[in-house]
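Based on the sequences and whatever the hints tell you, model everything.
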Amino acid sequence: MRVVTTAQPLDVQPTPLALLLLGREADPKSERGVECPGDLPAPSDPDLVERARAAKAKLGDKVFVLGHHYQRDEVIEFADVTGDSFKLARDAAARPDAEYIVFCGVHFMAESADILTGDDQQVILPDLAAGCSMADMATAEQVAECWDVLTEAGIAEQVVPVSYMNSSADIKAFTGKHGGTICTSSNAKRALDWAFEQAGKVLFLPDQHLGRNTAVRDMGLSLDDCVVYNPHKPNGGLTAEELRAAKMILWRGHCSVHGRFSLESVEDVRARIPGVNVLVHPECKHEVVAAADQVGSTEYIIQALEAAPRGSKWAIGTELNLVRRLANRFAAEDKEVVFLDKTVCFCSTMNRIDLPHLVWTLESLAAGKVVNRIEVDKETESFAKLALERMLALP
Numbered sequence: 134m135r136v137v138t139t140a141q142p143l144d145v146q147p148t149p150l151a152l153l154l155l156g157r158e159a160d161p162k163s164e165r166g167v168e169c170p171g172d173l174p175a176p177s178d179p180d181l182v183e184r185a186r187a188a189k190a191k192l193g194d195k196v197f198v199l200g201h202h203y204q205r206d207e208v209i210e211f212a213d214v215t216g217d218s219f220k221l222a223r224d225a226a227a228r229p230d231a232e233y234i235v236f237c238g239v240h241f242m243a244e245s246a247d248i249l250t251g252d253d254q255q256v257i258l259p260d261l262a263a264g265c266s267m268a269d270m271a272t273a274e275q276v277a278e279c280w281d282v283l284t285e286a287g288i289a290e291q292v293v294p295v296s297y298m299n300s301s302a303d304i305k306a307f308t309g310k311h312g313g314t315i316c317t318s319s320n321a322k323r324a325l326d327w328a329f330e331q332a333g334k335v336l337f338l339p340d341q342h343l344g345r346n347t348a349v350r351d352m353g354l355s356l357d358d359c360v361v362y363n364p365h366k367p368n369g370g371l372t373a374e375e376l377r378a379a380k381m382i383l384w385r386g387h388c389s390v391h392g393r394f395s396l397e398s399v400e401d402v403r404a405r406i407p408g409v410n411v412l413v414h415p416e417c418k419h420e421v422v423a424a425a426d427q428v429g430s431t432e433y434i435i436q437a438l439e440a441a442p443r444g445s446k447w448a449i450g451t452e453l454n455l456v457r458r459l460a461n462r463f464a465a466e467d468k469e470v471v472f473l474d475k476t477v478c479f480c481s482t483m484n485r486i487d488l489p490h491l492v493w494t495l496e497s498l499a500a501g502k503v504v505n506r507i508e509v510d511k512e513t514e515s516f517a518k519l520a521l522e523r524m525l526a527l528p
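For reference, each letter of the sequence shown is one residue, going 134 to 528 in our numbering.
Don't read these hints as lab results, they were simulated from the structure. Think of the CB as a built atom: it goes at the ideal place given N, C-alpha and C, for glycine as much as any other residue. Possibly wrong hints are sitting among the right ones.
Cut-off 20 Å, straight-line C-alpha distance, at most; resulting in silico cross-link-like pairs (PhoX-like, lysine-lysine) [unchecked claim]:
| no. | residue 1 | residue 2 |
| --- | --- | --- |
| 1 | Lys-475 | Lys-189 |
| 2 | Lys-191 | Lys-446 |
| 3 | Lys-475 | Lys-446 |
| 4 | Lys-322 | Lys-220 |
| 5 | Lys-502 | Lys-310 |
| 6 | Lys-518 | Lys-310 |
| 7 | Lys-502 | Lys-195 |
| 8 | Lys-322 | Lys-366 |
| 9 | Lys-468 | Lys-446 |
| 10 | Lys-220 | Lys-518 |
FRET-style restraints, in silico, Cβ to Cβ [to be verified]:
| no. | residue 1 | residue 2 | range |
| --- | --- | --- | --- |
| 11 | Ala-404 | Ser-515 | 52 to 58 Å |
| 12 | Met-352 | Glu-400 | 22 to 28 Å |
| 13 | Ala-332 | Thr-476 | 37 to 43 Å |
| 14 | Gln-427 | Asp-252 | 38 to 44 Å |
| 15 | Glu-278 | Glu-512 | 17 to 23 Å |
Written out as structure tokens, the structure reads:
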């Protein structure tokens, strides 16, 4: 069965998205959607490993498997390339001869890969339930309503939207249609520099923390320059005067993993491990970023540990699969790598992609049956691609 997911046109109400509350156990001190399901099940049985190898070998160059850094080890084993969301989408676009792109990540990543790959290529997501709570926090309907609020306040013409890569194709299309650009956690400052050259205000979607941290930490703006637009409140919970005074209008969204790290986490790990270097992702809260020694994207975190001296100690504030993989990798160099928080917390939607789903996908493709295809409609694709191309053109 071919499953096609098509992004909603910008003027049509989308179907409500369900992947907001994830996992089993809530942390009352964390933001909405931050859940910790505990440890993962044991790795899949050896028969599945052999079946995955056989199916992938049968497909040969027809298939290209992408593995996000936050995936389980048993999935990463079969990835042709690993990386963050944008790197993987670009890697997919660089393989025009691959008929099938199997994206082991989450839904918005597969959409981006479909936007950037050729019409003759088919992007597959092994489990359609692998969504992203952050991306789900901004729908096309909500963002269109926000733009109406900005128009009524008389400032829409002064606002450029900048949307994080971790957003749906609908939101990327909105961004492209309104003259904005996409950013990643590694080029957010460049994107904001460009946006402020176009206009005096930025609407940053959907991660408030990346927007705030970049504006304040990297660009010298103040916290008073930022306001948070809450789509669940009338007019975003803001007055017209507050919107007119703001330079950064931040969407009230966050990452369900990075949102759990706290200032207490930083203080606790410093007390437990003297001399530890605290390295966190910019999706963490502002007070966590301010207290850290280093801040950077997933790729930055990996490179920082590669360059670190032997015997150094690191507490990492990002997804646990990656932290555990880095700890194992650098143990031989006597580098101590620990998770920043005491509570184990995986990205529960990333972990929906497991070896059984990957085996089912590869065996289906080997049998000539395309499953779980992700396909963005042409109008949405054109505007979303425009926003992505603006990002690629950034100096």
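Now the hints, each set against the structure:
For the suggested pair Lys-475 and Lys-189, the alpha carbons sit about 38 Å apart, so the restraint of at most 20 Å is broken. Between Lys-191 and Lys-446, the direct Cα distance comes to roughly 44 Å. Violation of the 20 Å bound is thereby established for this hinted pair. The suggested pairing of Lys-475 with Lys-446 holds, with an alpha-carbon distance near 16 Å, which does not exceed 20 Å. About 18 Å separates the Cα atoms of Lys-322 and Lys-220, which keeps this hinted pair within 20 Å; it holds.
For the hint linking Lys-502 to Lys-310, the alpha-carbon distance of about 36 Å lies beyond 20 Å, and the restraint is violated. Restraint check for Lys-518 and Lys-310: satisfied, since their Cα atoms lie roughly 10 Å apart, inside the 20 Å limit. Between the alpha carbons of Lys-502 and Lys-195 the distance comes to roughly 13 Å, so the proposed pair stays at or under 20 Å and holds. Proposed proximity of Lys-322 and Lys-366 is contradicted: the alpha carbons are some 29 Å apart, above 20 Å.
Of the supplied pair hints, the one linking Lys-468 and Lys-446 holds, its CA atoms being roughly 6 Å apart against a limit of 20 Å. Straight-line distance between C-alpha atoms of Lys-220 and Lys-518 comes to about 15 Å, which keeps the hinted pair within the 20 Å bound. A hinted range of 52 to 58 Å for the beta carbons of Ala-404 and Ser-515 is consistent with their spacing of about 53 Å. A hinted range of 22 to 28 Å holds for the C-beta pair Met-352 and Glu-400, which are about 27 Å apart.
Between Ala-332 and Thr-476, the C-beta spacing of about 42 Å keeps the proposed range 37 to 43 Å intact. For the pair Gln-427 and Asp-252, the beta carbons lie near 42 Å from each other, so the given range of 38 to 44 Å is met. At about 20 Å, the CB distance of Glu-278 to Glu-512 agrees with the hint of 17 to 23 Å.
Of the numbered hints given earlier, the model fails hints 1, 2, 5, 8; all others are met.
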